[in-house]
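Visitor: Place chain X on chain A using the hints.
Chains as they are written, first to last, in the working numbering: chain A, 1 to 391; chain X, 392 to 474.
Incorrect hints may have been included.
[Claimed, not checked] Label-pair restraints from in silico Cβ distances:
id, chain 1, residue 1, chain 2, residue 2, range
1, X, 444, A, 138, 28 to 34 Å
2, A, 299, X, 473, 30 to 36 Å
3, A, 230, X, 473, 39 to 45 Å
4, A, 17, X, 472, 19 to 25 Å
[Said to hold, decoys possible] Among chain A residues calculated to face chain X with C-beta under 8 Å, some are:
id, residue
5, 270
6, 275
7, 387
None of these hints come from the bench; they were simulated from the model. Just so we're clear, the structure is a prediction, and the values are computed from it rather than from any experiment. Beta carbons are placed, not taken as given, at the ideal position from N, Cα and C, and that holds for glycine.
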Amino acid sequence: MRMPTAIAKTPDARPLDERVAYVADVASRFAGEVDAAARFPAEAVDALRSTGLLGASLPTALGGEGLTLTQLGAIAAKLGAACSSTGMVFAMHHSQVLSLSRHLGGSPSLAVLAGRIASEQLLLASATTELGIGGDVRSSSCFVDLQGDMVHLVKNAPVISYGSEADLVLVTARRNADSAPSDQVLVVCDAAHLELEATGGWDTLGLRGTASMGYKLNARVPADRVIPEPYDRISNETMLPACHVLWASVWLGMSRALVETSRQYVRSAARRSIGSVPPGATKLVDLIAELERFESLVDGLARRTDEISDDRDALGGIGYQVSINNLKVTASELVAQIAIAALGITGISGYRNDGKHSVARIFRDAQGAALMVHNDRIIANTARLILVQKG
Amino acid sequence: MSAVDTVRRVVETHAKITVPVATLADDSDLYAAGMTSHASVNVMLAVEDAFDIEFPDALLTKSTFCTIGSISAAVEGLLEAAA
Numbered sequence: 001m002r003m004p005t006a007i008a009k010t011p012d013a014r015p016l017d018e019r020v021a022y023v024a025d026v027a028s029r030f031a032g033e034v035d036a037a038a039r040f041p042a043e044a045v046d047a048l049r050s051t052g053l054l055g056a057s058l059p060t061a062l063g064g065e066g067l068t069l070t071q072l073g074a075i076a077a078k079l080g081a082a083c084s085s086t087g088m089v090f091a092m093h094h095s096q097v098l099s100l101s102r103h104l105g106g107s108p109s110l111a112v113l114a115g116r117i118a119s120e121q122l123l124l125a126s127a128t129t130e131l132g133i134g135g136d137v138r139s140s141s142c143f144v145d146l147q148g149d150m151v152h153l154v155k156n157a158p159v160i161s162y163g164s165e166a167d168l169v170l171v172t173a174r175r176n177a178d179s180a181p182s183d184q185v186l187v188v189c190d191a192a193h194l195e196l197e198a199t200g201g202w203d204t205l206g207l208r209g210t211a212s213m214g215y216k217l218n219a220r221v222p223a224d225r226v227i228p229e230p231y232d233r234i235s236n237e238t239m240l241p242a243c244h245v246l247w248a249s250v251w252l253g254m255s256r257a258l259v260e261t262s263r264q265y266v267r268s269a270a271r272r273s274i275g276s277v278p279p280g281a282t283k284l285v286d287l288i289a290e291l292e293r294f295e296s297l298v299d300g301l302a303r304r305t306d307e308i309s310d311d312r313d314a315l316g317g318i319g320y321q322v323s324i325n326n327l328k329v330t331a332s333e334l335v336a337q338i339a340i341a342a343l344g345i346t347g348i349s350g351y352r353n354d355g356k357h358s359v360a361r362i363f364r365d366a367q368g369a370a371l372m373v374h375n376d377r378i379i380a381n382t383a384r385l386i387l388v389q390k391g
Numbered sequence: 392m393s394a395v396d397t398v399r400r401v402v403e404t405h406a407k408i409t410v411p412v413a414t415l416a417d418d419s420d421l422y423a424a425g426m427t428s429h430a431s432v433n434v435m436l437a438v439e440d441a442f443d444i445e446f447p448d449a450l451l452t453k454s455t456f457c458t459i460g461s462i463s464a465a466v467e468g469l470l471e472a473a474a
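Looking at chain A on its own, in the form it has when it is part of the complex (with noise of 0.2 Å):
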């Protein structure tokens, strides 16, 4: 359980973009450690808590910015160039604050705790998956169990994401214990409420400062930290949205950094040999063509996403709930391209673990997109929308 955060009594004045730039410094000086160590990467974390990030995408009348998607997706960016796993953090921790301030459903105690989130900088997770369900999200076998004014919650999952080092963490259960396994709602447990029996390590090929390990989770909350709207509508119209689009982001990050190392590799090839173009020149044209496909596939999904955020029809339809599933798993498979690209274009000196031309950090956790929600999965639920879908 991590120990309550000293806060600033004074706010970061400094611009968002001087904010921002600060932390992504942060997490590149550590990038490397956090990589090695597979530990969490607690100096960006506390670098955007200093710098009052994490209340970002409050709206201003919780004491947040009021951050649209496409200004989180930007920082997202910065901040995964500079360390995979920050961005990740970042974007998880926004998707699960815009899940509960946007879904606070009148609730004054809910309310109080979205708040939280400004003044104190809590940093949020989420506990969606669950042992023996198959790893559908969208589907609870833990239910909540009312008793009187508080609930209490038993759940199995093998990944709560940077789990220890949360402050809330946002749990989906059923209803109650006669619910069906979809009839799911969201359950918002401070850190002092949980307990957390850590089943299982995190010692993977990338994203290793996630600190996603499995946790038995045991939490006894009052009774009005349950989100009354049922979870499919915060999931449709807030959760999906939020994560493909800032994950997204965040992979978008990785690739522009793997093509700068790529750039700057040709260059010094170009020095070695001047007056002839280098081998490697040519497929970086092609890698940057990549990257400008995938930057516009961002940009796009992000700004139409603003454009309806407050229009739940369209938050909730057909046509938009596939294009943001196809957003995850067309991103996640570009990002694993580049990476492969980069290492094409840089050779040995981007294989090596070490040197400025190295591409093997982020080759790796990219390799980590589309397996973080499989996108067999996401494609299945695509698939089974478009089959509803008028044309």
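Guide: What follows is chain X alone, placed relative to chain A:
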């Protein structure tokens, strides 16, 4: 050796101009002396190699590589920033 001397040597090797570099002043226009844009890329790469620097995009303009003096000034600015 100052930056100007090294830049002169690079220009002599890579700018492919039609007059002896020794006859050019620091503010003589290299493009007017016959340096092509292709040759200017080679000058840029060779200057980067000679000083172990990399020109940021903002400096990759025609005016940066227009004269021996302007190249030297850009180099000195980058060396100072790195120091």
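Visitor: Going back to the hint list, which numbers does this structure go against?
Guide: Hints 1, 3, 7 not satisfied by this model.
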